[in-house]
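Asker: Chains as they are written, first to last, in our numbering: chain P, 1 to 177; chain S, 1001 to 1709.
Please keep in mind that the hints were generated in silico from the structure rather than gathered at the bench. A few of these clues could be false.
Below 27 angstroms or equal to it, Euclidean Cα-Cα: the simulated BS3-like pairs (lysine-lysine) are [what the hints assert, rightly or not]:
#1 P:117 / S:1646
#2 P:151 / S:1390
#3 S:1410 / P:151
#4 P:117 / S:1369
#5 P:149 / S:1390
#6 S:1203 / P:151
#7 P:117 / S:1419
#8 S:1369 / P:151
#9 S:1548 / S:1203
#10 P:149 / S:1203
#11 P:151 / S:1387
#12 S:1410 / P:149
#13 P:151 / S:1373
#14 S:1705 / P:80
Small disclaimer: the values here were computed from a predicted structure and weren't measured.
Chain by chain, the residues run as shown.
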Amino acid sequence: MRFTLNGKPVELKVAPMRRLLDVLREDCGLTGTKEGCGEGECGACTVLLDGAPVNSCLVPVAQAEGTKVTTIEGLRGHTKLQQAFVTEGGAQCGICTPGFLLAASTLPRAASLEAVKQGLAGNLCRCTGYAGIYRSVAVARGGARAAPKPKPAARAKATPRAKTKPKARSAAARRSR
Amino acid sequence: MGKASTRAGSVGRSVPRLEGAAKVDGRARYVDDLSFPGMLHGRTIRAPHACGRLRSVRLGPGGLPLGLVVVGPRDIPGDNVIAVIEDDQPALAWGEIRHAEEPVLLLAHADREALFAVPAEVEMIPGAPVFDPLASPRVFKHIRIARGDAGAALRKAPVVVEGEYRTGAQEHVYIEPNGVIAVPENGGITVHGSLQCPHYVHKALCRLLKLPADKVRVVQTETGGGFGGKEDYPSVIAGHAALLALKARRPVKIVYDRAEDMRATTKRHPSIVRLRTGFSRDGALLAIEAEVVMDGGAYVTLSPVVLSRGVLHATGPYRCPAVAIDGRVVMTNTPPNGAFRGFGAPQTQFAIEAHMDRCAEQLGIDPVKLREKNAFRPGDVTATGQKLPKDTSALPVLREAVRRSDFHRKRKAWAGTGKGIGLALFFHGSGFTGAGEVRLASRASLELTAKGARILVGSTEIGQGTRTMLAQIVADTLRWPLSAIEVAPADTGLVPDSGPTVASRTCMIVGAILQRAARELKHKLGRLTPTQYLARHGALVVTKQYEKPAEIHWDEERYKGDAYGTYAWGCDVVELEVDPVTREVRPLKLTAVQEIGKAIHPGHSRGQIEGGSAQGLGWALSEEVVMRDGKMANAQLTNYMMPTTKDTPEFDVAILEQAYRHGPFGAKGVGELPMDGPAPAVVNALRHAGFDVREVPATPERLLKCASR
Ligand code: FES
Ligand code: FES
Chain P
1 MRFTLNGKPV
11 ELKVAPMRRL
21 LDVLREDCGL
31 TGTKEGCGEG
41 ECGACTVLLD
51 GAPVNSCLVP
61 VAQAEGTKVT
71 TIEGLRGHTK
81 LQQAFVTEGG
91 AQCGICTPGF
101 LLAASTLPRA
111 ASLEAVKQGL
121 AGNLCRCTGY
131 AGIYRSVAVA
141 RGGARAAPKP
151 KPAARAKATP
161 RAKTKPKARS
171 AAARRSR
Chain S
1001 MGKASTRAGS
1011 VGRSVPRLEG
1021 AAKVDGRARY
1031 VDDLSFPGML
1041 HGRTIRAPHA
1051 CGRLRSVRLG
1061 PGGLPLGLVV
1071 VGPRDIPGDN
1081 VIAVIEDDQP
1091 ALAWGEIRHA
1101 EEPVLLLAHA
1111 DREALFAVPA
1121 EVEMIPGAPV
1131 FDPLASPRVF
1141 KHIRIARGDA
1151 GAALRKAPVV
1161 VEGEYRTGAQ
1171 EHVYIEPNGV
1181 IAVPENGGIT
1191 VHGSLQCPHY
1201 VHKALCRLLK
1211 LPADKVRVVQ
1221 TETGGGFGGK
1231 EDYPSVIAGH
1241 AALLALKARR
1251 PVKIVYDRAE
1261 DMRATTKRHP
1271 SIVRLRTGFS
1281 RDGALLAIEA
1291 EVVMDGGAYV
1301 TLSPVVLSRG
1311 VLHATGPYRC
1321 PAVAIDGRVV
1331 MTNTPPNGAF
1341 RGFGAPQTQF
1351 AIEAHMDRCA
1361 EQLGIDPVKL
1371 REKNAFRPGD
1381 VTATGQKLPK
1391 DTSALPVLRE
1401 AVRRSDFHRK
1411 RKAWAGTGKG
1421 IGLALFFHGS
1431 GFTGAGEVRL
1441 ASRASLELTA
1451 KGARILVGST
1461 EIGQGTRTML
1471 AQIVADTLRW
1481 PLSAIEVAPA
1491 DTGLVPDSGP
1501 TVASRTCMIV
1511 GAILQRAARE
1521 LKHKLGRLTP
1531 TQYLARHGAL
1541 VVTKQYEKPA
1551 EIHWDEERYK
1561 GDAYGTYAWG
1571 CDVVELEVDP
1581 VTREVRPLKL
1591 TAVQEIGKAI
1601 HPGHSRGQIE
1611 GGSAQGLGWA
1621 LSEEVVMRDG
1631 KMANAQLTNY
1641 MMPTTKDTPE
1651 FDVAILEQAY
1661 RHGPFGAKGV
1671 GELPMDGPAP
1681 AVVNALRHAG
1691 FDVREVPATP
1701 ERLLKCASR
C-alpha cells in the first residue's frame, strides 16, 4: 500500500479493509485525526484525499492507494485559518477542530456564510454552536474581528412597582385620585 | 517583571486560548491518542434487560484468545460501589440488575478486534421494570420549599392558572466519548482520562480498590467536551479500567465507541412539572405551587443535587409572597441520569417560563409586561428567604433583550404568518447549592517559578476556557503579563482539590481563591523578582482555601436561606418559522442577553453562551432519546439529532456586567446559564406561531399532534 501522506511517500503493509482513520492513527502515529462516531456523522475524522474532504472512518485504506492524503499534521498554507480558530473561538475543547480545519481549508475564498455552513454541514461541534467557527473562517479571510464588548447592566435599582409604568400614566392616576 | 509589562491587564480582553495552538495543529493529546507499553484494551459486558436477577455470564462458545483477562465482582479488592453521594451503585452488578447496560463483567486483551469478537452471553431472570416516573415506588430524594401559605393564597387569588410541562432526556454528545487508561505503577494505580473532576475519580478509586490516597493518581488528559457528562461517569469507567489493569498488571485502555457511550452513560433527567399560580387581576404574582418530578434512573448518583438545583430555580426569576414547591426524584429502570449543564434548573425553568406565557394570555397582559411586573429586583426575597443582592439583573437583561430583538414589533407583525417570536427570562445560581461550597472546602495553590507563577488547581479545562481564565485572574492580580503564568496539569498527584469543575463555580469560586493566593504571593515577594526570591529563600507555594462570605447563611434542614452566593441572569428571544406541512421548526435567530458579573474573557464567555444556547435549542427541538424497554433505541448520531451547522441559527449575544462583590473582578458563573433559556423561548415562540406545546423536544411529530390553536 503506497500513498503520499502530508507530502511524503509512505509504504505500509496493512490489511486493505482497515479504516484509513486507524491506519493514520495507529500505523502512522498521526493522532491529530479524531474519532467521534465511527459512522460518518461527526466529521472529526476528516482528512483530505487528493484535496477533497472525506470521513476517514468510512474509507478503507485501500481507497487511499496512490492518492495524496492530508491530515491536520500536514495542513500547509492555512496558518491564518488556524490562528483565527485560536483567537476567534473556533476551537473550544478542540476535539472537532482538526476536522473543521481540514473541511474549512477546502472552502472557496469567496464563499458566502450560507456556503460556509453548507461546506461544514458534515462536521459536528458540540461546544461552539458553530458561531465561533464562522467568525474564525471570516477573520482568516480578512474580515474584521468582532470581539464582544460587555456593557454594564443598567442600574437595576429597587424600583417600586409603579415606576415601571410610563410617567404620564402615574401622573394621571395621581390626578384622578 | 519590568514596568513595561504591567501596563494593560488581560482581564476583560479576549486573549488567545492558552492551549489553542496545540488544538489547531493536531498536537493536543486526548486520551485515545495515548498509548503505554504493553497496554491492553478493555471491554465491558453488560446486562441485556432493564431489571431482574443475574443468572450467569458465559464467555464462548469457542476458545478464548490467549491472554484474555477477566474481572468479575469477586476480583474487586475494596467495596463494590461507585462512591458518589449514596453508595448504591455497584461497579459490577451481581444478583440484582437495575438497568439495561449495567456492567456485569470486564474483559481485557491486547488485540482489540479479538477482544470484541469474544462471544459473551448474559442470562437473567427478568423482573418487572418501572419506566414511568409517576408510577415509581421508590423516591431517591424529596425536597419541600415553603414560603407563606400558598394554598390559602391560591384560594383567594382572582386568577389561577394551571399546567403540566414535560422535558425529555438529553444526551451530552461531547464529541470525544468517555475514555480512560489505567496504569499500574508504584504499588498503586494511575488513571489518565477524559474527565471533569479528577478528585471525584480519585475518591471513587480509593474506595473501590482499597488503596490509600497516595497510591491513586488521576490525571486529566485534554478533554473533548464534558457538559456534565464527564462529572460522575468517569468514576465508573476509571474503576473498570483500574480493576482490569491491577489484575493484568498492565496498562488498560477503555474508550467507548459512540454507541456504547450513548447507551450506557448518563443523560439529562427527564422531568414533569405541574404548576398552579395565582395572580391579581393586574398580573401581580400572588402564589406559586409547584410539583417537580424527575426521573433519576436506576441509581442515586447525583440525582439529589440535581433535584435541589431544580427546585431552587422552580419559581423562575420572580418574586412571590407564597410559594410551595414539592420536588422528588425517583427511581426507574433506565441507566442512571446524571449531571448535564444546568443540572435541573433548565427543567424547572422551562416549566415556569412556558407557564408564564400562558398566564399572560389568560390575564390579557403582554408577556413582557407580566415579567417586568414580577421579575426579581435587588432586595427582593426568594422562596428560600434569600434577600437578593445588588447584582440582581432580571430587569436589565429583559429590557435589553426586548430592545435588541425588536420584540414588540415582530410580535405584532408576525401574528398569523407561520413565524413566531418568544422569550424567556431566567437566572442561575453560581457555585454549589447551599452549604455545598463550605463542605467542599476547595483549595488552590500558586507556585513561584523563575518565569512568574504556576497555577495548581484541580479544576479542569474541558473547552470552556478554564486555563486561560484562571491565568488572566492571577496575572492581573499580580500585575504581571499573562505570559508569566503557567497552569499545571490537573493531576491529583500535583494539585490540591479545588472541587469539581461543575456548577458554574470555577471562575467565581476557584478564581476568587486563586486571587487571594496571588495577593499573598505578591506580598511575600515584596520588591524581589521571582528569580531573586527563589535564590534567596527557596521555593514558594501559597495555598488558599475557600472562605465563606460572612453574610451567606443556609439551613439545609429547612431549605431556608441563601441558596447561592449570587445569581447570573439571562433573557433569550427566539425567532422561528414552522413549516405548514411538515411542521418542521426552523429557528431563525436567538438573541441572548446575559449578565455574568464580569466577563474575564469576553470571547470565551460569548462562546459559552453560543454553545450553551445551541445545546438548548437541540434539547428544545430535535434531540430525543428514544427508550425502548429501558434501552436507548437511537444510540447513534445518525438518528439522535444534535444541531448541525444547518440547524443552528444566528446568535446575537450581549453580555451585561454587574459586579458580584465576592467574585474575582466581580465575576459570577456563566457555564450553565445559557442552557436555561432556549427551550422555553422556543415553546413561547411556537405558542405565538399558533402551537400550544408544553413538552420538549417539540419535534414535528409532537407539533402535528398538538392542537393548533
Ligand atoms: S468519526 Fe468519522 S464521521 Fe465521526
Ligand atoms: S470545540 Fe468541542 S466539539 Fe467543537
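Asker: Just to be careful, I want the Cα atoms of residue 149 of chain P and residue 1390 of chain S compared with a cutoff of 27 angstroms; is the pair within it?
Answerer: Holds, at roughly 22 angstroms.
Asker: Residue 1705 of chain S and residue 80 of chain P: Cα distance at most 27 angstroms?
Answerer: violated (50 angstroms)
Asker: Quickly compare the C-alpha distance for residue 1203 of chain S and residue 151 of chain P to 27 angstroms and report which way the hint goes.
Answerer: violated (42 angstroms)
Asker: Going straight from one Cα to the other, do residue 117 of chain P and residue 1419 of chain S come out at no more than 27 angstroms?
Answerer: The hint holds at about 23 angstroms.
Asker: Does residue 117 of chain P pair with residue 1369 of chain S here, judged by a C-alpha cut-off of 27 angstroms?
Answerer: violated (37 angstroms)
Asker: With the threshold set at 27 angstroms, check whether the alpha-carbon distance from residue 1369 of chain S to residue 151 of chain P stays at or below it.
Answerer: holds (24 angstroms)
Asker: Against the 27 angstroms threshold, does the CA-CA distance of residue 1548 of chain S and residue 1203 of chain S hold or violate the hint?
Answerer: holds (24 angstroms)
Asker: Given the hinted pair residue 1410 of chain S and residue 149 of chain P, is their alpha-carbon gap at most 27 angstroms?
Answerer: holds (26 angstroms)
Asker: Does the alpha-carbon distance linking residue 149 of chain P and residue 1203 of chain S stay inside the 27 angstroms limit?
Answerer: violated (42 angstroms)
Asker: Compare the distance between the alpha carbons of residue 151 of chain P and residue 1390 of chain S with 27 angstroms, and conclude whether the hinted pair is satisfied.
Answerer: Distance of about 17 angstroms is within 27 angstroms: holds.
Asker: Next pair to validate is residue 117 of chain P with residue 1646 of chain S; report whether the Cα-Cα distance is within 27 angstroms.
Answerer: Measuring from Cα to Cα gives roughly 6 angstroms; hence the hint holds.
Asker: Measure nothing beyond the straight line between the CA atoms of residue 1410 of chain S and residue 151 of chain P; if it is 27 angstroms or shorter, mark the hint as holding.
Answerer: holds (25 angstroms)
Consistency with the previously given hints fails for numbers 4, 6, 10, 14, ordered from lowest to highest.
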